[in-house]
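Protein chains in written order, with the working numbering: chain A, 2 to 434; chain B, 367 to 615.
A couple of the hints might just be wrong.
To be verified - When the alpha-carbon atoms are kept at most 25 Å apart in a straight line, the in silico SDA-like pairs for lysine to any residue are as follows:
#1 482/B with 12/A
#2 381/A with 369/A
#3 411/A with 313/A
#4 411/A with 326/A
#5 486/B with 369/A
#6 486/B with 280/A
#7 421/B with 124/A
These are computed hints drawn from the structure, not numbers from a lab.
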Amino acid sequence: MSDLATSVAPPLPAAADKIKFYGIWLAVIVALLVLPRVFTSGGSLTTFSLIGISIIFALSYNILLGQTGMLSFGHAVYYGLGGFLAIHAINIVVRNKLAIPLPLIPLIGGVTGLLFAALLGWVSTRRSGTAFAMISLGLAELVASSALILRTFFGGEAGVSANRTKVYRLFDWSFGPQTQIYYLVAAWTLLAIVAMYALTRTPLGRMCNAVRDNPERVQFVGYDPHIIRYLAFCFSGFFAGIAGALAAINFEIANSAYLGAVQSGTVLFATYIGGIGFFIGPIVGAIFVTILSLGLSDLTPVWQLYFGLIFIAVVMYAPGGLTGLLMMHRPLIRAGTLTRVLPSYAVAFVPTLAMITGLMLAIETVVHFTVNPGDDSHIKSFGIPFDAASPYIWTIAALLIVGGFVLARKSWTRVAHAWDEALGSAREKGFAA
Amino acid sequence: MSPAIELRGVEKTFGITSVIRNVDLKVAQGERHALIGPNGAGKSTLFNLISGYMKPSVGQILLRDEVISNLPPYQINRRGLSRSFQVTNVFANMTVWENIRCAVLWATGQRYAFWKNIDKLPEVRERTAQILQDISLTNRRDVPAGLLTYAEQRALEIGITIAGGADVILLDEPTAGMSHAETERAVALIRRLTEGRTLLIVEHDMSVVFGLADRISVLVYGQIIASGTPEEIRGNPKVKEAYLGEEAA
Numbered sequence: 002m003s004d005l006a007t008s009v010a011p012p013l014p015a016a017a018d019k020i021k022f023y024g025i026w027l028a029v030i031v032a033l034l035v036l037p038r039v040f041t042s043g044g045s046l047t048t049f050s051l052i053g054i055s056i057i058f059a060l061s062y063n064i065l066l067g068q069t070g071m072l073s074f075g076h077a078v079y080y081g082l083g084g085f086l087a088i089h090a091i092n093i094v095v096r097n098k099l100a101i102p103l104p105l106i107p108l109i110g111g112v113t114g115l116l117f118a119a120l121l122g123w124v125s126t127r128r129s130g131t132a133f134a135m136i137s138l139g140l141a142e143l144v145a146s147s148a149l150i151l152r153t154f155f156g157g158e159a160g161v162s163a164n165r166t167k168v169y170r171l172f173d174w175s176f177g178p179q180t181q182i183y184y185l186v187a188a189w190t191l192l193a194i195v196a197m198y199a200l201t202r203t204p205l206g207r208m209c210n211a212v213r214d215n216p217e218r219v220q221f222v223g224y225d226p227h228i229i230r231y232l233a234f235c236f237s238g239f240f241a242g243i244a245g246a247l248a249a250i251n252f253e254i255a256n257s258a259y260l261g262a263v264q265s266g267t268v269l270f271a272t273y274i275g276g277i278g279f280f281i282g283p284i285v286g287a288i289f290v291t292i293l294s295l296g297l298s299d300l301t302p303v304w305q306l307y308f309g310l311i312f313i314a315v316v317m318y319a320p321g322g323l324t325g326l327l328m329m330h331r332p333l334i335r336a337g338t339l340t341r342v343l344p345s346y347a348v349a350f351v352p353t354l355a356m357i358t359g360l361m362l363a364i365e366t367v368v369h370f371t372v373n374p375g376d377d378s379h380i381k382s383f384g385i386p387f388d389a390a391s392p393y394i395w396t397i398a399a400l401l402i403v404g405g406f407v408l409a410r411k412s413w414t415r416v417a418h419a420w421d422e423a424l425g426s427a428r429e430k431g432f433a434a
Numbered sequence: 367m368s369p370a371i372e373l374r375g376v377e378k379t380f381g382i383t384s385v386i387r388n389v390d391l392k393v394a395q396g397e398r399h400a401l402i403g404p405n406g407a408g409k410s411t412l413f414n415l416i417s418g419y420m421k422p423s424v425g426q427i428l429l430r431d432e433v434i435s436n437l438p439p440y441q442i443n444r445r446g447l448s449r450s451f452q453v454t455n456v457f458a459n460m461t462v463w464e465n466i467r468c469a470v471l472w473a474t475g476q477r478y479a480f481w482k483n484i485d486k487l488p489e490v491r492e493r494t495a496q497i498l499q500d501i502s503l504t505n506r507r508d509v510p511a512g513l514l515t516y517a518e519q520r521a522l523e524i525g526i527t528i529a530g531g532a533d534v535i536l537l538d539e540p541t542a543g544m545s546h547a548e549t550e551r552a553v554a555l556i557r558r559l560t561e562g563r564t565l566l567i568v569e570h571d572m573s574v575v576f577g578l579a580d581r582i583s584v585l586v587y588g589q590i591i592a593s594g595t596p597e598e599i600r601g602n603p604k605v606k607e608a609y610l611g612e613e614a615a
C-alpha cells in the first residue's frame, strides 16, 4: 500500500479493534450456548427459536428496505415458499429414506426462496418506489390465494405437515426435544447474521446503499441499478427462505398463513421498529416484536391495536427506530454529557407514563363495550381488574390522558432543551458532527 | 484522429416542442470545449442526450466513432464518458469516502462482486485516496455528503465524475452559485483534473469559459449558431447579437 492510501484512506482496523469485533461475535456464540441452560422451560426455548427465525427474516427484509431502499409488501412469499418446500422436502426424505439430515433442510428452503425471488424479481426490481411496492403486493396476493387453490401442493386451509423426527439422523439427534430445535435455529441464525453482515461489506453491498441514496447517479458511475436491486432481491429471498424453512421445522407444519399479508406486514413492522438504518436494527426489532406479540396477546385481546400505535409512534417520533434512539446517545456517552439529559428523562417519564396508562384504560374500556357489551363489566386487562362501567374509571382515564398530556408536553420541551445543550457541548468536544 | 464526441443531426422533441434542432457537433480528443448559450437554449438537454439520460428523437451520437445514442447511461459510462450534474447529485447519506469509492468500483473491475471484502481491495483504496486528495476533501473524508458545504459538494460532484477514469468528461455548470474565490479554485481544479482528457463544459461565467476553453460552441433555441476558438466566437456578430450582446446590454 502506498503512502498516499495510508495517510488519506480510513485506517484499517487495528489489532485492538479486531479483537473487539471478533470478541462480540464470540460473546454472541457463548450467549447462545448458555441461554438454554439458564431458561430451561420449553416455553422459553420456543420463544428463543421464534426470535431466531424472526431475526433472520427481518434481516433479510432489511436487505431490501434499509440497504437498497425497496419497500416490499410481499416478503412473506419467499418465507412461506421456503417453509412449504422444507416440509415437502422432509416428507420426501422420510419416504425415500434419503441420507439428508434435518440441519440441511433450511438450505432447501433458502434455495427455494432464491429461485422464486430470481423468477419473480426480475420485473419488479426494474423500478423502486411505488411501482416496486405495488408489484410486491400484487405478487403476494397472487401467491397467497393460489395457496388456497392449489391444494395438492399447499394443502388448502389445513396446510401440509411433516414429522421432523423421522428424518435421517446424524449423531443420534432426533430433533424431537425443543432444545435440539433451539440449537438448530441458533446455529442457522448465527450463520445467517454473519453472512448478511459480510454482504454489507462487499462491493455489491455498498452499491446497494448507493442505489438506495440515488439510483439515478448510480447509472453514471457505470452500474445498472436494476441489476443491483435484482441481486439484492435474490439474496433477500434466499435468507427469507431459510427463515421460513426453520419456522416450518419448528412447527412441523406449513400453511397459507406463512405466505399471507399478515406475515409480510409483521416483518416490515419488526424491521422498521428496530431501525432500518443500522445493521443490528432488525435484530433488535425482531426480538422486541416477537417478545411483545407473545406477551401482549396474553394480556389483552386487542394487542394488535397496541402494535399499530407503537408503529405509528415510531414512524412519527423515532424514524431511526429503537436502534436509532439508542445510537443518538452515542456522542453524548463519548463526550460524557449523557448525565445532563438523564434527569429530564426521569422527569418526563412520570407524566408520559400517566398519559399512556390513561390511554390504555380508555382503550380497554371502549373495547369492552364495543366487543362484549352484554358481559360483566368487571374486567381484567394487563392483569389488573377494574370495573369498566364505573364512572370513576372513566374520570380517572380522562384525567390521566388530559393531565398527563399537559404535563408531559412541558417535560418534553425540557428534554429537548437538555438534549440540545448536551449535544452542543458534545459537538464542542468534537464527538458529534 | 477521430473526434471524442460527435453529434450528427441530433434532434430532441417533447411532444410538439422541439428543444434540440438539428445539432452537429464535433469535440476533438484532448480538447476543452465549452457550450454556452442563454437560459433555456437546451444545453442541459444536450448533455442528457450525450450521456444517455435521454434518447435523441432523430440523429446519432458517437463516442470515438461508436454509436452510443441507443445505449443506457451505465453502458456509456463504461465506455469512458462521465458527466456531472448541474444540481448536485451525490449519495447524500454516504460519507465522502464512500461516495468516491462507489465511483471507483466499476472502473477497477469489481462489478457486482459479493464475495470480496471492500476494505481489502488495495487498488480501490489507492484510487479513492488519490481522488480524495485531488479534490482536497481529505479532511472531510468521514462526513456524510449531505452535510458538506455547497462548494464542497460541487467539488465532490466533480470527484465522482472523474473517479472512474473516464477520458471524456462532461461538466454541467460546475461553478454555478459559487463565490469568486470558490470559482477560481474550482477552475484550477477542473484544469488540473481534466489534463489530457476531453472536456465538454456548460458554463455561464464568461471568464471561466474564455479562460478554460480551447473551442466554444454557442447554442441558441436548440441550434448551434457558431462554433470556433474563443477569438472567433468573440468576434462573431451572430453570437454578439444572440448572446454576448444581450449580456453586455
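Next item on the list: Hint by hint, work out which the structure violates, then give me just those numbers in ascending order.
Entry: Of the numbered hints, just 5 does not hold.
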